[in-house]
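Residue numbers (my numbering), protein chains in the order written: chain A, 1 to 260; chain B, 1 to 385.
Keep in mind that the hints were calculated from the coordinates and are not lab data. No residue lacks a Cβ here, since even glycine has one placed at the ideal position from N, Cα and C. Certain hints may be false.
Claimed, not checked - Facing chain A, from chain B, some residues (calculated, C-beta under 10 Å):
{"id": "1", "residue": "Ile55"}
{"id": "2", "residue": "Pro60"}
{"id": "3", "residue": "Trp143"}
{"id": "4", "residue": "Asn148"}
{"id": "5", "residue": "Tyr214"}
{"id": "6", "residue": "Leu323"}
{"id": "7", "residue": "Gly326"}
{"id": "8", "residue": "Gln329"}
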Amino acid sequence: MYQFSLEALLRQSTATAIRACQILALLLTISACTTTNNRRADNLRADAKIGTGKTVVMLEADVELSELLAGGVEEPRVAWTEAAQSNINQAIAQELKHRAIKLVPRVDATALDADSAESKAQRKQLELLTQTVGFSIVRYQLSPYYALPTKKNGFDWGVGPNVKLLKAAYGADYAMVTLVRDSYASGGRKALSVLGIIAGAAVGVSVGSSTGQRFGYTLLLDLNSGKIVWANFMASQTGDLRNLNDAKKVVQTLLAGMPL
Amino acid sequence: MAVRTIACLQAVLFALLLTSCASTQLTDVQPGYRAQTKDLDEAGLWFAMDRAEKIVAAAPERIIDAPIQEYLNALSCKLGPDLCGDIRIYLIRQPYFNAFMAPNGMMVIYTGTLARSENEAQLAFVMAHEIGHYRSRHSLENWRHLKNVSNLMTGLGAVTAGTGAGVIAILGAYANLASFSRDQEREADLLGFRALQTAGLDVNAPAQLWSAAYEEEKVNPKGMLSAIFASHPATPERRDRLKLLAAQAQAHVELSDTGDTRFRLRVAPYRAGWLNDELARRNYAQSNVMLARLSLLKWNLAAVKNAQGALYRRRALPGDLVLAAGAYQAALREPDVDPRTFRDLGTTLKRMGKNGAALDAFREYLKRVPNADDAAMIRSYLNAN
Numbered sequence: 001m002y003q004f005s006l007e008a009l010l011r012q013s014t015a016t017a018i019r020a021c022q023i024l025a026l027l028l029t030i031s032a033c034t035t036t037n038n039r040r041a042d043n044l045r046a047d048a049k050i051g052t053g054k055t056v057v058m059l060e061a062d063v064e065l066s067e068l069l070a071g072g073v074e075e076p077r078v079a080w081t082e083a084a085q086s087n088i089n090q091a092i093a094q095e096l097k098h099r100a101i102k103l104v105p106r107v108d109a110t111a112l113d114a115d116s117a118e119s120k121a122q123r124k125q126l127e128l129l130t131q132t133v134g135f136s137i138v139r140y141q142l143s144p145y146y147a148l149p150t151k152k153n154g155f156d157w158g159v160g161p162n163v164k165l166l167k168a169a170y171g172a173d174y175a176m177v178t179l180v181r182d183s184y185a186s187g188g189r190k191a192l193s194v195l196g197i198i199a200g201a202a203v204g205v206s207v208g209s210s211t212g213q214r215f216g217y218t219l220l221l222d223l224n225s226g227k228i229v230w231a232n233f234m235a236s237q238t239g240d241l242r243n244l245n246d247a248k249k250v251v252q253t254l255l256a257g258m259p260l
Numbered sequence: 001m002a003v004r005t006i007a008c009l010q011a012v013l014f015a016l017l018l019t020s021c022a023s024t025q026l027t028d029v030q031p032g033y034r035a036q037t038k039d040l041d042e043a044g045l046w047f048a049m050d051r052a053e054k055i056v057a058a059a060p061e062r063i064i065d066a067p068i069q070e071y072l073n074a075l076s077c078k079l080g081p082d083l084c085g086d087i088r089i090y091l092i093r094q095p096y097f098n099a100f101m102a103p104n105g106m107m108v109i110y111t112g113t114l115a116r117s118e119n120e121a122q123l124a125f126v127m128a129h130e131i132g133h134y135r136s137r138h139s140l141e142n143w144r145h146l147k148n149v150s151n152l153m154t155g156l157g158a159v160t161a162g163t164g165a166g167v168i169a170i171l172g173a174y175a176n177l178a179s180f181s182r183d184q185e186r187e188a189d190l191l192g193f194r195a196l197q198t199a200g201l202d203v204n205a206p207a208q209l210w211s212a213a214y215e216e217e218k219v220n221p222k223g224m225l226s227a228i229f230a231s232h233p234a235t236p237e238r239r240d241r242l243k244l245l246a247a248q249a250q251a252h253v254e255l256s257d258t259g260d261t262r263f264r265l266r267v268a269p270y271r272a273g274w275l276n277d278e279l280a281r282r283n284y285a286q287s288n289v290m291l292a293r294l295s296l297l298k299w300n301l302a303a304v305k306n307a308q309g310a311l312y313r314r315r316a317l318p319g320d321l322v323l324a325a326g327a328y329q330a331a332l333r334e335p336d337v338d339p340r341t342f343r344d345l346g347t348t349l350k351r352m353g354k355n356g357a358a359l360d361a362f363r364e365y366l367k368r369v370p371n372a373d374d375a376a377m378i379r380s381y382l383n384a385n
């Protein structure tokens with residue numbers, strides 16, 4: 001039959017996320033932001049602390065690092081991803097250490113063996129739904145270009161009543177969800193970028209190519225109501241998540257203003 | 001001076017891009033194979049696919065019933081005994097004729113493939129073809145090729161910027177990409193065919209299935225999504241190649257099992273539901289060809305005729321209601337008919353203005369399913385008359 005393609009597979013379950021991702025990439029390219037950029041969207045006062053005395057589960061940060069090759073193809077890198085994931089998780093844990101909340105141990109939902117395959121699958125679906133809603137928040141709420149007419153008044157996002165499945169699994173009041181995607185240009189890509197600038201200037205055409213970019217978001221999901229109570233997003237083209245100090249800076253940006 | 005520098009830079013870069021195009025010959029996977037960490041790209045692909053597999057495994061469209069899962073697992077092991085432990089099968093409820101293989105051993109099969117297969121041998125060919133992709137590491141080969149070609153294309157774009165020559169070169173590179181994947185398809189067909197033969201299954205099945213796919217492809221209305229995915233085209237060329245293979249193999253064939261009985265046992269319970277999914281595509285031209293073929297089989301006839309009735313009723317072209325009523329009546333002559341066929345016949349007759357006959361059908365429906373979800377609505381039809 002047909003040769004496997006990543007796109008075909010992802011179309012099944014994360015079409016929305018991919019579309020949001022593409023728009024976001026486009027948006028970032030257009031605005032050509034070179035500095036870290038974070039936005040916060042919620043109904044909370046700036047100094048609100050809704051987490052005092054509450055339990056919070058930090059779901060494993062979903063991180064993926066890839067190499068941006070000369071032709072624009074992004075190739076996932078295992079060692080980079082593992083290093084960045086570990087750095088980000090460590091940085092988040094450190095950031096949360098001095099907050100007045102109780103952290104519940106993080107468990108991979110698919111690893112809770114006592115449950116049936118069906119309820120495991122349902123939990124995984126809920127986590128994926130939360131991710132997808134996260135992309136929607138970034139696209140429709142945090143970006144000024146795509147505001148939805150129905151979402152203009154206040155911050156109104158959630159994953160619905162089935163959130164009780166996550167509540168039952170983790171027993172926490174809030175779940176913290178973080179997603180980071182990052183790509184780094186290969187040597188060939190950087191060479192092309194330089195060449196494009198020189199050649200483009202000579203013939204009057206812009207053929208500059210992007211040399212990689214990063215974006216991420218953190219959400220706070222209320223496991224009692226299913227509402228997302230807080231969201232933050234960042235995009236940047238500098239820093240290296242494989243380096244703990246840079247990862248800390250990214251996490252500080254992502255968690256800035258989190259009401260916990 | 002500046003122009004010269006640019007020309008020189010362009011030449012150097014072009015040369016670099018070309019050297020990166022040297023193709024690598026991949027060896028087949030061995031049983032128990034896992035991507036090696038030192039091969040960055042392969043490790044990256046497997047990593048991404050392992051993640052994707054978690055999503056597929058938890059997908060709401062996945063069918064997780066043990067009998068059919070075990071049947072597919074066993075069939076896969078029969079077709080590739082050495083790779084039995086390395087391939088994991090996921091059956092996904094999608095009405096298209098499609099299946100695909102990920103480099104990490106995840107095989108995804110759409111229910112539309114099972115709904116279109118007439119027997120085990122036909123389904124087995126699709127699976128054996130996919131196992132062939134896995135065995136030959138086509139995903140990795142394709143990925144490396146794609147990287148080289150896309151690097152080359154971007155490079156060509158940069159080195160020929162503003163000259164117009166780039167477009168032709170890039171088109172050439174795209175053509176190269178397409179023919180590369182066609183070669184892989186041919187290789188997987190051949191591997192699949194051999195596996196089918198070794199397993200003692202009917203060697204005529206591949207050509208039958210592709211012939212049927214081509215018949216559906218031919219009638220697909222312009223602008224509608226075909227049930228037959230373009231990535232594995234149903235062409236007369238492919239059908240004829242498979243026919244030729246079967247003719248050549250025929251002389252050596254001792255066993256020629258269609259696996260009809262085993263296939264029926266596992267697929268029959270689902271067929272009515274999958275045909276309903278098929279109709280939801282609203283590609284009635286293709287569904288009509290598919291159902292006509294299935295109606296020649298001697299099993300699941302009630303489900304097939306019921307689906308034909310539903311197709312005509314929904315399409316509702318002039319004369320279709322008469323055809324729909326005829327198909328429903330044919331379904332009702334079958335022993336294992338779904339009692340909802342009475343309701344659907346009633347609805348059709350009502351639309352034809354044959355109220356008396358419609359009421360008879362509705363009464364029969366309520367008699368057989370007194371607690372149906374829509375019983376109250378059907379009673380209201382009866383009471384209004």
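Okay, the hints, checked on the actual structure:
1. With a cut of 10 Å, the hint placing B/Ile55 at the interface with chain A holds, because the nearest CB-to-CB distance is about 5 Å.
2. For B/Pro60, the interface hint holds, since its Cβ comes within 10 Å of a Cβ in chain A; the closest pair sits about 6 Å apart.
3. Contact between B/Trp143 and chain A, as hinted, is supported at the beta carbon level, the nearest pair being about 8 Å apart and thus within 10 Å.
4. Taking 10 Å as the C-beta cut-off, the interface hint given for B/Asn148 holds, the closest approach to chain A being about 8 Å.
5. For B/Tyr214, the shortest C-beta to C-beta distance to chain A is roughly 14 Å, which exceeds 10 Å, and the interface hint is violated.
6. Contact between B/Leu323 and chain A, as hinted, is not supported at the beta carbon level, the nearest pair being about 33 Å apart and thus beyond 10 Å.
7. Violation of the interface hint for B/Gly326 is found here, the shortest Cβ-Cβ separation to chain A being roughly 36 Å, above the 10 Å cut-off.
8. For B/Gln329, the shortest C-beta to C-beta distance to chain A is roughly 38 Å, which exceeds 10 Å, and the interface hint is violated.
The structure fails hints 5, 6, 7 and 8 (numbered hints given earlier, in ascending order).
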